Amino acid sequence: MRARLINKHEAAILAPLRDFTNADRLLWAILVGLIAVGGYAYYQQWTFGLGVTGLNRPVYWGVYITNFVFFIGLAHSGTFISAILRLAGASWRKPLVRAAEAITIFSLPFGVSSILIDMGRPERAFNIIFYGRFQSPLLWDFTAVSLYMFSSVVFFYLSLLPDIALCRDRLTEAPAWQRQMYRLLALGWEGNPEQYHRLEGVLDGMAIFMTLLVVTVHTVVSWVFGMTLQPGWHTALIGPFFLLGAIFSGTAAVVIALAVLRRVYHLEDILPINLFNSLRKLLIVFTLGWLYMMVAEYLTIYYGGVTEEMLVFWQKFTDDFAGMFWLMVLLVFVIPLFIFVFLGKDRIGWMVTACVLVNVGMWLERYVVIVPTETRPRLIYELVLGDYSPTWVEGAITAALFSGMILLYAAFTRYFPIVPVWETAEEAEEKPGETVTAPRRRWGTVGKTAPK
Amino acid sequence: MEQIVSLISAFFTEPGPGGIFVLLVISLAGAVYFILIRWILQGDESGLPIPSKMLKSYRQLSSRR
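Taken in order, these protein sequences are the chains called A and B.
Letter 108 of the first sequence, counting from 1, is numbered 108 in the numbering used here, and no numbers are missing.
Count along the second sequence from 1, add 1000, and you get the number used in the numbering used here.
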């Protein structure tokens, strides 16, 4: 007899890969339609220039850069859940790591795209390679985001590798191209103990590196703003503020994704209510942490009373952006905290409601950080007062970016297990002559064979 | 000495070296990840490197066809 790792939920986890429904086709068609509208809007922008957007002097960054910061923030969910909780030894994270990592993988490209879309001449992005200077925060940003995207893909792929081999061996009824895809992506994975041992070791090591990258990336993203002398941006707190906001919105996005997956793919036994309760506690901490950052930031500005800073301060608190600012406070802090503390326990519907509000509020928060400063820049006497109203082009492109992200995520869940089979497997005794649910095969061991 | 100082200063202030730095970082990461993935896959009980077994497997598949 020897010890084997067998996942009793294997059939349920693989079920979405075998069942492509009309509802999927409808969802995909709607998303592709929205992407097409966004494509047309970008064609307009490409043809007629940035004049078709609401961008102007001195408001150079608007909705597009808001999207960039928001998508990069969402991308922190996967690494936070997977890497940081892996290092902390939180075993409850195992069923949800892939759903979280997939958000990272599929939101990062749209964050990067947002910058390219914001550039009137996107081909000039190559200038950062040809003429990059160490003094430029844009170079730091490019380096950090590129490395984060690359490393996240590798981290995601490595943890997916045993399950790709599982698909290769189990989904024999899949179309030929799909089986060929599994065969190529599995890289000849056999699933022997030494491979698992090495994989675990590399994932543990990468988790440390990824945790450092999470902190670095969003801090550097914030420095694109913070290294200027603009009021509202030039503060040492902007790095931690951006980072906490990113992890906050990312974790809220994970809750939304998990709730949808649980409902649509009937994963109630695999994604139990306890998972949501654990995430709820984290979210309470993040909500309060975010409030602390807000108070620290604005109280310091108010007591300093620097003229240029106060112009932006009042823009947010009482003037042009007051409605958006206070709505953001309501959506990110007041309502979610009430729900998390009093209504969220054992109630997924309330948790999803709060997390949707958090994400809408965090998008507004990014907008309120970026735009008011540009309407009241430091060198205001040389320029006219700024004003900015996004146009339909920016709206359509934004909808297309979010649709693209959802489409990739939905497609992924139809071709790969969204719950890690090998990480959620349990140890069982294999007796001689007994048929086990996960037989050992030469190519692509389905169950993980653990040495006794 | 002054020339060395100006050379170091130029490295940080002139356009160009930053781009090379980005490419170096990404290339280095690519190389490290490639080596790690290869090392994981070579973790075979029999000690045989995976690539040769993969070739054998593909040959078997081809011969069946």
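Check the hints yourself; a few may be wrong.
Stated by the list, open to error - Incomplete in silico selection of chain A near chain B, CB under 8 Å: (1) Ile128; (2) Phe130; (3) Thr307.
FYI, nobody ran anything at the bench for these hints, they're computed from the structure.
What you are looking at is a predicted structure, and each value in this text was computed from that prediction instead of being measured.
No residue lacks a Cβ here, since even glycine has one placed at the ideal position from N, Cα and C.
Run through the hints listed earlier and report the numbers of any the structure violates, in increasing order. 3
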